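If you're matching them up, the sequences are chains D and B in order.
The numbering used here applies: residue 1 is where the first sequence begins, and numbers increase by one.
The numbering used here applies: residue 1 is where the second sequence begins, and numbers increase by one.
If you are wondering where the hints come from, they were derived from the structure by calculation, not from laboratory data.
Remember, predicted model here, so these are calculated numbers, not experimental data.
Every residue, glycine too, gets a C-beta built ideally from N, C-alpha and C.
Watch out, some of these pointers could steer you wrong.
As the list claims (entries may be wrong) - Quick list of in silico lysine-lysine cross-link-like pairs, DSBU-like style, CA-CA up to 35 angstroms: (1) D:Lys94 x B:Lys65; (2) B:Lys66 x D:Lys103; (3) B:Lys80 x B:Lys66.
Unchecked claim - For each label pair, taking beta carbons as the anchor points, the in silico distance ranges come out as: (4) D:Glu141 x B:Ser128: 23 to 31 angstroms; (5) D:Ala40 x B:Ile57: 30 to 38 angstroms; (6) D:Thr100 x B:Ser3: 22 to 30 angstroms; (7) B:Glu64 x D:Ser57: 23 to 31 angstroms; (8) D:Gly46 x B:Leu35: 38 to 46 angstroms; (9) D:Val149 x B:Gly112: 19 to 27 angstroms; (10) D:Ala131 x B:Ser36: 29 to 37 angstroms; (11) D:Ala52 x B:Pro63: 33 to 41 angstroms; (12) D:Gly102 x B:Ile57: 27 to 35 angstroms; (13) B:His75 x D:Ser99: 37 to 45 angstroms; (14) B:Lys80 x D:Val129: 41 to 49 angstroms; (15) B:Ser128 x D:Pro145: 35 to 43 angstroms.
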Amino acid sequence: MKVKPLVATQQVSPNEAENGTVMAVTGWSVRQAVVRYVLAMVAGIGILLSVAPRHPSLLHPVIGGLLIGLGQLSSVLLARKAVGVSSAYEDFGKLFWNSTEGKTPASLPESILFVLGLMSGALATMLSVPATMEALNRSEEVSLPSVLVGGFLLTFGARIAGGCTSGHGISGMATMGLSSFISIAAMFGTGLITGSLFKV
Amino acid sequence: MTSVATSLLTGAIFGSGLTLSGVASPQVIKDQFRLSDFHMLVTFLTASASSAALFAIYNSQSPEKKILARTNTSHGWFNKFDGNMVGGAMVGLGMSLTGACPGTVLVQATAGIGKSRLLALSSLFAASSG
C-alpha cells in the first residue's frame, strides 16, 4: 500500500495560509470574521443549552470548553502555537521506523512531549477529581472489531485530513481555515449519519 | 522555560481540560452522535470560539510567528479539499465506532477503561504502518 504521499507536510507560507481562510472567500477582515464566528458560536451554544438534551452530572459544558480554551491559551503564550494531537501519531511512526534502523533521536519531538504531558495532566486530574474517572467509566463496552477498525480510521483519517478533532476542530476552525471547517463538517456529518443509522 | 518543559506543561493543561470537561468519556461522544446528549458539541463550540478570540488577539499583537490556518490536504482524488473530506469522514466514522478521537483516546488509555489501551495501541500501530 502506497502510504507515504498521504502524509500531509504542513509547510505553510503565510500567503498560502491566508488564501485558504474565511476572509479570503468572504472579503471580511480578520476582526469581522472572528467577531461573527464568536457571535454565531455564542448564539448556537445559547440555543443548544436551552433546547437540547444534556447529561446533568457532568461539568457544565461552557466551563469545560473554557478549560480546554485555557489549554489553548497556555499553548499560545508558552509554545506560540495552537494545540493539536494527531501530529504526535505521525512523529511516533517516524520515531518507530528510525529506531528499527538503529537511529535514536537526540530529543523527543515536541508533539510527543505534548502527548506525554496530556496523559500526565489527565492522570493527575482523575486522581484529584474522582468524578472525572466516574464519567469515563460510565461507558458501554466497545466491540473488538470496532476497536481495531476504529483505531485505524482515527489515525489514518487524521493523517489524510491533516488534523483531528483538536487540530482542525478546536484550533483550525478558530484560525478561520476553510480546510478545517470542511474537515469538521465531514467528521460530524459522518458521525451523525453512522450514529443514527446503526446506533453503534 | 525550555521547549521540553513548555510542551509537557501545555500538554498537561490541555489534558486536564479534556478530562475535567467530560468529553473524553466514550459515552459522551457516542450520545452526541445519537443526538441524545449535546454536552460534547457545546464544550467543543465553546473551546473553538474562545480559541478564535485568543488567536485574533494574539495575532493582532504582530508576533514574529502568527497562528495560521492549516492548508487544505488534497490527494488529487476529486477536488482540492478531498483529503479533508475523506480524512474527516474517516475520523467521524472512527469516533462513532469507538467513542474516542485521537486526543481523547489517550485520556481513556490513561484511565485504562474498557478496551481503550488496545484502541490506543491500534491507533499507534496504524501510525507506524506508513
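Hints versus structure:
1. D:Lys94 x B:Lys65: holds (26 angstroms)
2. B:Lys66 x D:Lys103: This hinted pair holds, its Cα atoms lying about 33 angstroms apart.
3. B:Lys80 x B:Lys66: holds (24 angstroms)
4. D:Glu141 x B:Ser128: 23 to 31 angstroms: holds (27 angstroms)
5. D:Ala40 x B:Ile57: 30 to 38 angstroms: violated (18 angstroms)
6. D:Thr100 x B:Ser3: 22 to 30 angstroms: holds (26 angstroms)
7. B:Glu64 x D:Ser57: 23 to 31 angstroms: Check failed, 45 angstroms falls outside 23 to 31 angstroms.
8. D:Gly46 x B:Leu35: 38 to 46 angstroms: Once the Cβ atoms are compared, 18 angstroms apart, the range 38 to 46 angstroms for Leu35 of chain B and Gly46 of chain D is violated.
9. D:Val149 x B:Gly112: 19 to 27 angstroms: With Cβ atoms ~21 angstroms apart, the hint holds.
10. D:Ala131 x B:Ser36: 29 to 37 angstroms: violated (21 angstroms)
11. D:Ala52 x B:Pro63: 33 to 41 angstroms: Since the Cβ atoms of Ala52 of chain D and Pro63 of chain B sit about 38 angstroms apart, the hinted range of 33 to 41 angstroms holds.
12. D:Gly102 x B:Ile57: 27 to 35 angstroms: Roughly 47 angstroms apart at Cβ, these two residues miss the hinted range, so it is violated.
13. B:His75 x D:Ser99: 37 to 45 angstroms: Violated - the Cβ-Cβ distance for His75 of chain B and Ser99 of chain D, about 28 angstroms, lies outside 37 to 45 angstroms.
14. B:Lys80 x D:Val129: 41 to 49 angstroms: The hinted range 41 to 49 angstroms holds for Lys80 of chain B and Val129 of chain D, with Cβ atoms some 44 angstroms apart.
15. B:Ser128 x D:Pro145: 35 to 43 angstroms: violated (21 angstroms)
Taken one by one, the earlier hints fail for this structure at numbers 5, 7, 8, 10, 12, 13, 15, listed in ascending order.
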